[in-house]
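Novice: If you read the sequences in order, they're chains A and B. For the first sequence, the residue numbers in the working numbering are 2 to 142. For the second sequence, the residue numbers in the working numbering are 9 to 161.
Please keep in mind that the hints were generated in silico from the structure rather than gathered at the bench. Just so it is clear, CB atoms sit at the ideal spot from N, CA and C, and this is done for glycine as well. A portion of the hints provided could be inaccurate.
Restraint ranges, calculated between C-beta atoms of paired labels, are given here [to be verified]:
1. A:Leu90 x B:Lys47: 32 to 42 Å
2. B:Glu146 x A:Pro118: 47 to 57 Å
3. A:Glu101 x B:Gly131: 27 to 37 Å
4. B:Leu64 x A:Leu35: 16 to 26 Å
5. A:Arg28 x B:Ser118: 31 to 41 Å
6. A:Pro87 x B:Phe70: 41 to 51 Å
7. B:Leu53 x A:Leu76: 14 to 24 Å
8. A:Ser75 x B:Leu45: 36 to 46 Å
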Amino acid sequence: MAAIYSLYIINKSGGLIFYKDYGSAGRMDTNDTLRVASLWHSMHAISQQLSPVLGCAGIELLEADNFDLHCFQSLTGTKFFVVCEPGTLHMENLLKYIYELYTDYVLKNPFYEMEMPIRCELFDINLSQAVQKDRVALLGR
Amino acid sequence: MQFFGGSDISPSPPAPTAPGNNAHMIYVFNRNGVCLLYKEWNRPLHTLNAQQDHKLMFGLLFSLKSLTAKMDPTSAEKGNLGVPQLPGQGCSFHSFRTNTYKLSFMETPSGIKIILVTHPKTGDLRDSLKYIYNLYVEYVVKNPLYTPGAPVR
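Just chain A, with the same shape it has in the complex (with noise of 0.2 Å):
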């Protein structure tokens, strides 16, 4: 029932540093995902000054007709957001698990510039496990 459909972690500045895809139905070039995760960022923060209340920190979550979209925004402003069928439970802890992946795997690096496109094996491989774990306990059902 339940499955991601892709996972996009950007920068303060709105670039991209990763993208990974577990199954969408089209495929988007590098340049189309760069300009899906500016926008994005844009998008986010115009959310923020259209609320009517103080403190809004940006959009959570779109519902859309076909997918939903989790968004998670850290402290320091790098937002980590994934595409996931409509209706998928548990999708805020898996972002929050990912940021704790993305700083012990990504930011401990001490190889990894800041800010620059993602490139650490450790990462991968533990990002792997953790959405295909998520996959299986959630077929599992």
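With chain A's structure known, arrange chain B on it following the hints.
Specialist: Below, chain B without anything else, positioned relative to chain A:
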């Protein structure tokens, strides 16, 4: 696809029972971006003046629709970002939620967009939006003194 059933107004959706569940604002736009109706009931914070606020809202929704049509993981064929989409073409979003508000959106085939900004814990408001659209059709469109494209009085 049968968009709305019947010509009579559908029964009113159940009124929200929890306190604090009333709407903050409502916007109605036509396909050109003219704000036909704007009402606010509870808006402590005004970031911009009314004109800019309407334009920003319309722009945000236009771009989000374009984004969801492009990002749709279930369709193989997608146009490029920024290509204006006809109402109903491509995957469109129906709501988004932030920590302080929830925005529910509905677009009709004629391009009329109805937006309701409410408390974040609000449930699915699509039926309420359909009901509002039916009211709009009954009392605004069928009013012989109303000119299409003008703000609603």
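Novice: Confirm or reject each hint.
Specialist: Hint check results:
1. Taken as a hint, the range 32 to 42 Å holds for the pair leucine 90 (chain A) and lysine 47 (chain B), whose Cβ atoms sit roughly 35 Å apart.
2. Between glutamate 146 (chain B) and proline 118 (chain A), the C-beta spacing of about 54 Å keeps the proposed range 47 to 57 Å intact.
3. Look at glutamate 101 (chain A) against glycine 131 (chain B): about 31 Å separates their beta carbons, and that is inside 27 to 37 Å.
4. For the pair leucine 64 (chain B) and leucine 35 (chain A), the supplied restraint of 16 to 26 Å holds, since their beta-carbon distance comes to about 24 Å.
5. Between arginine 28 (chain A) and serine 118 (chain B) the beta carbon distance is about 34 Å. The supplied range of 31 to 41 Å therefore holds.
6. Under the hint 41 to 51 Å, the C-beta atoms of proline 87 (chain A) and phenylalanine 70 (chain B), about 22 Å apart, miss the expected range.
7. Separation of leucine 53 (chain B) from leucine 76 (chain A) is about 22 Å and conforms to the stated range, judged on CB atoms against 14 to 24 Å.
8. A beta carbon spacing of about 38 Å between serine 75 (chain A) and leucine 45 (chain B) agrees with the range 36 to 46 Å that was offered as a hint.
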